[in-house]
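Student: Sequence:
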Amino acid sequence: MKKGFTAVVIALTLFLTAGAVSASSVDESTTLHKKLLKDQALQSLQEEYPDAQFIEEDVAKDGSVEGITLQGPAPPLTSLSVYAAISTHYPQYEYFALNQLTSIEDHGGEEMYIVTREIGYSRNTSRIAQMNGGNIPMLMDEAIDLNGDRIIDGYFRWWDASGYENGRFTYQATSINAPWNTMSARMNIR
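According to mature numbering (1 follows the signal peptide of the UniProt record, and there is no 0), the stretch in the sequence shown is residues -23 to -1, 1 to 167, in order.
In case anyone wonders, no lab produced these hints; they're calculated from the structure. Computed from a predicted structure; not experimentally measured. Every residue gets a Cβ at the ideal spot worked out from N, C-alpha and C, and that includes glycine. Treat the hints with caution; some may be incorrect.
Said to hold, decoys possible - Pair ranges (Cβ atoms, derived): (1) Lys12 / Gly125: 13 to 23 Å; (2) Pro52 / Pro27: 19 to 29 Å; (3) Leu19 / Met115: 12 to 22 Å; (4) Gln20 / Ser56: 17 to 27 Å; (5) Thr79 / Ala155: 27 to 37 Å; (6) Thr65 / Gly111: 16 to 26 Å.
Construct the complete structure from the given sequences, taking the supplied hints into account.
Tutor: Laid out in structure tokens, this is it:
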């Protein structure tokens, strides 16, 4: 297992330090990079929830794959946290404890991604992620099934803070349904 994890870290390091490449190679590298980000995050989540899995986005939207059905109203947003960060300067995930206020590792560099975890559902238009007060874009998201029942329990979202050396990351979202609560989380990234 350590060899596999080491290989993933080496592959991610090579990607983060790679120079200019052709457009098709960039697309392939981006796809590989996203897969590595997702695989590492899922591996960490499975330490807490052994049956956890990601449900592909197209499946989550239309429920068309066998074994997944739309059951009823989405659960309200009940938990929101800054889950992890990965960057050029620290090319492996640093996972954060629930009450942690500052990253331990030194992040930053050409690329930096911050991962949030939501349990429940939030409205698309309510999500605001910022680094040092400036809005940052969402790179991707993945539906989370925590207990293997093929029902989406929440989402991991990757935010692109590339170019920032350090600063305060803040994120807030509002539940898609009752009680329409707004939750927020923050992390000082070193």
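Student: Determine for every hint whether it applies to the structure shown.
Tutor: Hint by hint, here is what the structure shows:
1. Separated by about 21 Å at the C-beta atoms, lysine 12 and glycine 125 satisfy the suggested range of 13 to 23 Å.
2. Checked against the hint of 19 to 29 Å, the pair proline 52 and proline 27 passes, with Cβ atoms roughly 21 Å apart.
3. One distance hint, 12 to 22 Å for the beta-carbon pair leucine 19 and methionine 115, holds here, with the actual separation near 18 Å.
4. Evaluation of the 17 to 27 Å hint for glutamine 20 and serine 56 yields a pass: the beta carbon distance comes to about 20 Å.
5. The beta-carbon spacing between threonine 79 and alanine 155, approximately 34 Å, falls within the hinted interval of 27 to 37 Å.
6. For the pair threonine 65 and glycine 111, the supplied restraint of 16 to 26 Å holds, since their beta-carbon distance comes to about 19 Å.
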